[in-house]
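Colleague: Since each chain sits alone in its own frame, please combine them into the complex, following the hints.
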Amino acid sequence: MREKNAELMTGNEACAEAAIVAGMRFFAGYPITPSSEIAEVLAGRLPREGGVFIQMEDEIGSMAAIIGASLAGVKSMTATSGPGFSLMQENIGYASMAEVPCVVVNVQRGGPSTGLPTLPSQADVMQARWGTHGDHPVIVVAPSTVRETYDWTIKAFNYAEQYRVPVILLLDEIVAHISEKIALPPREEIEIIERQRTTEPPEKYLPYRCYESDIPPTADFGSGYRFNVTGLSHDESGFPTNNPMKIDALYRRLNRKIEQHRNEIIAYKKNFLDQADFCIVAYGSSARSARRALQEARSQGVKVGLFQPYVLWPFPYEVLENIAQQCTHFIVPEMNLGQIAHEVACATKRRVIKINRVDGGLITPSEIFERIKNVSV
Amino acid sequence: MFPYEHYLRYDKFPHIWCTGCGCGIVLKAMLRAIERSKISKNSIALVSGIGCSSRTPGYVDFNTLHTTHGRAIAFATGLKLAKPELKIVVVSGDGDATAIGGNHFIHAARRNVDMTVIIYNNHIYGMTGGQASPTTPLGNRASTAPYGSIEPSFDISGLAIAAGASFVARSTCYHATQLDKLITRGLLKRGFALIEALTPCPTYYARPNRLGTSVDMLRWYKDNSIAVERARKMSEEERRGKVIIGVLHDTERTEFSDEYQKLIKKMKGKRR
Ligand SMILES: Cc1ncc(C[n+]2csc(CCOP(=O)(O)OP(=O)(O)O)c2C)c(N)n1
Ligand code: SF4
Numbered sequence: 000m001r002e003k004n005a006e007l008m009t010g011n012e013a014c015a016e017a018a019i020v021a022g023m024r025f026f027a028g029y030p031i032t033p034s035s036e037i038a039e040v041l042a043g044r045l046p047r048e049g050g051v052f053i054q055m056e057d058e059i060g061s062m063a064a065i066i067g068a069s070l071a072g073v074k075s076m077t078a079t080s081g082p083g084f085s086l087m088q089e090n091i092g093y094a095s096m097a098e099v100p101c102v103v104v105n106v107q108r109g110g111p112s113t114g115l116p117t118l119p120s121q122a123d124v125m126q127a128r129w130g131t132h133g134d135h136p137v138i139v140v141a142p143s144t145v146r147e148t149y150d151w152t153i154k155a156f157n158y159a160e161q162y163r164v165p166v167i168l169l170l171d172e173i174v175a176h177i178s179e180k181i182a183l184p185p186r187e188e189i190e191i192i193e194r195q196r197t198t199e200p201p202e203k204y205l206p207y208r209c210y211e212s213d214i215p216p217t218a219d220f221g222s223g224y225r226f227n228v229t230g231l232s233h234d235e236s237g238f239p240t241n242n243p244m245k246i247d248a249l250y251r252r253l254n255r256k257i258e259q260h261r262n263e264i265i266a267y268k269k270n271f272l273d274q275a276d277f278c279i280v281a282y283g284s285s286a287r288s289a290r291r292a293l294q295e296a297r298s299q300g301v302k303v304g305l306f307q308p309y310v311l312w313p314f315p316y317e318v319l320e321n322i323a324q325q326c327t328h329f330i331v332p333e334m335n336l337g338q339i340a341h342e343v344a345c346a347t348k349r350r351v352i353k354i355n356r357v358d359g360g361l362i363t364p365s366e367i368f369e370r371i372k373n374v375s376v
Numbered sequence: 000m001f002p003y004e005h006y007l008r009y010d011k012f013p014h015i016w017c018t019g020c021g022c023g024i025v026l027k028a029m030l031r032a033i034e035r036s037k038i039s040k041n042s043i044a045l046v047s048g049i050g051c052s053s054r055t056p057g058y059v060d061f062n063t064l065h066t067t068h069g070r071a072i073a074f075a076t077g078l079k080l081a082k083p084e085l086k087i088v089v090v091s092g093d094g095d096a097t098a099i100g101g102n103h104f105i106h107a108a109r110r111n112v113d114m115t116v117i118i119y120n121n122h123i124y125g126m127t128g129g130q131a132s133p134t135t136p137l138g139n140r141a142s143t144a145p146y147g148s149i150e151p152s153f154d155i156s157g158l159a160i161a162a163g164a165s166f167v168a169r170s171t172c173y174h175a176t177q178l179d180k181l182i183t184r185g186l187l188k189r190g191f192a193l194i195e196a197l198t199p200c201p202t203y204y205a206r207p208n209r210l211g212t213s214v215d216m217l218r219w220y221k222d223n224s225i226a227v228e229r230a231r232k233m234s235e236e237e238r239r240g241k242v243i244i245g246v247l248h249d250t251e252r253t254e255f256s257d258e259y260q261k262l263i264k265k266m267k268g269k270r271r
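If you're matching them up, the sequences are chains A and B in order. The numbers in numbering that gives the first Met the number 0 rise by one with no breaks, and the one at position 23 of the first sequence is 22. The numbers in numbering that gives the first Met the number 0 rise by one with no breaks, and the one at position 172 of the second sequence is 171.
Treat the hints as calculated values from the structure; they're not laboratory data. Each residue gets a CB set at the ideal place from its N, CA and C atoms; glycine is no exception. One or more hints might be untrue.
What the hints assert, rightly or not - Stretch-level coverage of chain A by chain B, calculated; a stretch enters the list once three of its residues show a Cβ under 8 Å from a Cβ in chain B:
#, region
1, 51-59
2, 162-172
3, 225-234
4, 310-316
Looking at chain B on its own, in the form it has when it is part of the complex (with noise of 0.2 Å):
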């Protein structure tokens, strides 16, 4: 049995999810990564903006930032130059990263600043009631797209990737294990990293879009998804309305807060 009890603030409970959410899988699949990534409780900063995934931060044991809606990463990236030492975990939603904070997202991802962001992507704002996100697939239904969303949706991994990230994966919350696997991944990886992290939201995305229960999803993830490695040899008629999982885009990239403090190194004590 995994000591989750190492890493969650048990006094906190009980959470503010619904039954059937999905954030408690993505979680306890990051706490098996930071476990298994051997990172100390003192070094990690685990940031988030505001939503319910943005959340987790107060059930677990680490030093915990909830700020402001689409901010996590811009309180992140001064956390994180400000002490390089520590390592920064972030917590965020699909409207959180991408619509609101979508801006603070792609310069971090071009900066590289050595992160781990860790977007629970719903498809949906949950927090606020079922408002369409930028995530919202393209007729799918939301409490402001009751007719049915008619703006087509982000990739948030291929943005990512657009934008420079080092680490890129996606996975689901049917498949918690891959997720650890991928997250611990990013948490090695110096540099900006990204896991996306597909999860449920019975609550409001299930319901409008006749969806089911939360393991009707998981279910509909099971055998929707793709790895990576057989999408590549697909046509794209073959990966439409499929899921893309597992590392989408691994590389090495020189990282800011590394880069700063060289030029400190160079500079420091120097005469104007």
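Next up, chain A with everything else stripped away, as it sits in the complex (with noise of 0.2 Å):
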């Protein structure tokens, strides 16, 4: 780590500058706290380097912006809260139909409706993976601190470009409010990708065709290649169709393309699992606590491991279902009603002992902690 490169930052700052790193260009936004930040940030950050920010008359029409940069071939973001995010919901199914690669920020506070503006949630991780109609990929991810918040929002755009899917970056009040000093690693050791661009020339490109793999090349508007995009759905040219073995063919390819990849994608990590009797499952800021509770249970003895994903969908059912054959109970805490608790005991079919807090207080370490005891006994 070189320590001149530390800096003093919140979750929302690190997610502005690390989206700039990660080469976006283009963002467009709705003003929602607890996000706000993000786009304060890039409204000062983005016209010095040359990207455009634009402040839309709501979190529809910025979802349809940032749509239509990324067509243009330049990488995109958006950042908004739940109601926002609610109201995104029809253009991120666009994006997912349509194959655009785009970042959604969902800096999460309770709900339904208006809810808890100021306060932390967990509780929109099953609508960012189903919250738009329709069997779609998506890919989640949700970081814990500072740093991951960095590092995460530079993957999520890796992936956009690569699977060319929209990525929701969930993030919670506290991770985007906490201000850590972190190490900004130097940007010669940062891995940044690009969207495939057809080789193709204009007369053969077909927008939807795939060759070695399901993610077909693209081609950025305006640059000689005339193709049509629609919500549609359509064959491999673009264009609508209804005829059933395309239908099927798209709608197949379109959830495969993340499916098949999906060892690839996955990410997490793991915490004294090698010699544990007990699993915590926990992701954004829960597994702040959960890392301190942790501790707690170690130094007493308690044989207790943490499993944390930083990708969330799609989720780890394979490498949970494995922990189970060592693991006995599983404990979940989280911020919301129990939503990934459910799906770890889909993949592990163990105990799963839940800790949910909705007020809009966070979990704390001592309350995981006196759930791990009681297990333990």
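Modeller: Now the structure itself:
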């Protein structure tokens, strides 16, 4: 670590800075607590980087504008919180369908409705996966610290570019607003992925034709490749189709392109799981408390470990299934009424102990520790 | 003979529009305007929402983007700002642009984003089967206004002028050659240009309102349209029930993407 690169930053600031490093040059958004700082930082930063910031008239327009900009070949992002995330859903589905890379940051607050604007929550985990209608591909990541927010913002862009999907970056009020001193990695060590652009000549190009993989190479709007983009079910030429075989092929490919690469996409951290009888599964700011509870429990000789998924969707079912060979109990602290706990139960078929909080308070290390102690006696 | 084949994607025909639909008339006027403005096919992005009118992009050989209902102008705003050299044309229906998409419409006009927006105003929701739209005239019938609409209707052009558009013009499918001249002027305008085209929907608007065939509707446009220059000399009373056509508004304002490029020039490379 180079100390001279160390900076005191909030999660929201880290997200904005990392997006610039990832090559994001178009941001459209609408103010909403607790995400607004991302827009505020970028309103100042983007013109200096030759990029564009626009405050749109609402979140529907923000989502639409970033898709438009991404089609022109520019990496694009928006940031919001629950109510705005709900408004974005239709166009997030458009990005899934038309395979337009983009990153959507949702700094979660309590809900439904206006809910708890200034307090933390993790209650949009299922909405992030299933918020828009229809079977659709999406990738969702959830960092727990400022440094993880920095790294995962960059990776969110990489995933979006590589797989041509919208990627949802789920923050929460704690991760977004906490200030932490982080050592920024040197630029040359950061991997940046760009979407694969076609090498076909314009007259041969079909915007949804796949070659080696299930991800079709792209062309930028206005680069001499004239093609059609639609949210209707379409064939590889990009035009609407009613042909059942082509429709079936499209939907299966859209979802397969993520499923097939799930092992490359899934990311997590294991702590002390080698010799554990119990496993805590925690993500986002709940993972912060879980780490403290883990230290406490281990120091008292309790054989517990921690599994922290960075990528929530696709969900790491197989990894947890493996852990379940050894761990008998799973403890899942989350600031909702048990959204990931349900997936953990599906994956492990073991007893799942839920620790839930929906009053705007964070789950404390001692709450988790107490539950671990109860299990272990 | 105008070289329509240069622009049309013939392999995408037959089109979805009903016999007598006005959408094709607006489409052809747009192509003539594009030819006249000498804008290359590669530099045009044609963006639409959802509706019968919004199916236009599927039949023409540009960069074409068929988006979600009401959102075409917001998608187009992103495209324009990300690639200012693109010439943006938006085609939209009265419902698409002024009901579900009304917010994007007025704000793009206010910002004066450089784009030519052509609204096919058929006073009805065509694609979904004839429900009332914000431009269904008071008293007229629609499937969701079976006793006649009791809502006052929008004046689309007036809305655009009030919101800040640089160029606003209205014409009808009867006045097809005027339509292409107006679209040409819109294309050559730097800023938000709106062209409102009154378009017959014989299937869902004419039928419940007993307006006859498409030809009858075109005849009605012919008999009831007044050039704006003449209308200005008429009394409010004389103008009632008439369609005022021509250039309604033309002004110079700073354009949004130009302003943003100036900001970039000023700030680029500056340290925090
Ligand atoms: C969010 C959403 N709501 C409703 C619809 C259904 N819908 C499709 S087109 C349309 C109205 C079209 O009317 P208009 O914009 O006037 O265009 P026209 O078909 O008359 O050309 C509606 C309501 C939709 N596609 N999306
Ligand atoms: S329903 Fe009306 S607007 Fe739609 S294609 Fe038919 S005539 Fe045209």
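Colleague: Compare the structure with each hint and give your call.
Modeller: So, going through the hints one by one against the coordinates:
1. Counting residues of the region 51-59 of chain A whose CB lies closer than 8 Å to any CB of chain B gives 6, which reaches the minimum of 3, so the coverage claim holds.
2. Counting residues of the region 162-172 of chain A whose beta carbon lies closer than 8 Å to any beta carbon of chain B gives 0, which falls short of the minimum of three for the stated coverage.
3. For the region 225-234 of chain A, the assignment as covered by chain B holds, since 7 residues bring a beta-carbon within under 8 Å of that chain's beta-carbons and 3 suffice.
4. Counting residues of the region 310-316 of chain A whose beta carbon lies closer than 8 Å to any beta carbon of chain B gives 0, which falls below the threshold of three, so the coverage claim is violated.
This entry does not satisfy hints 2, 4, going by the numbered hints stated previously.
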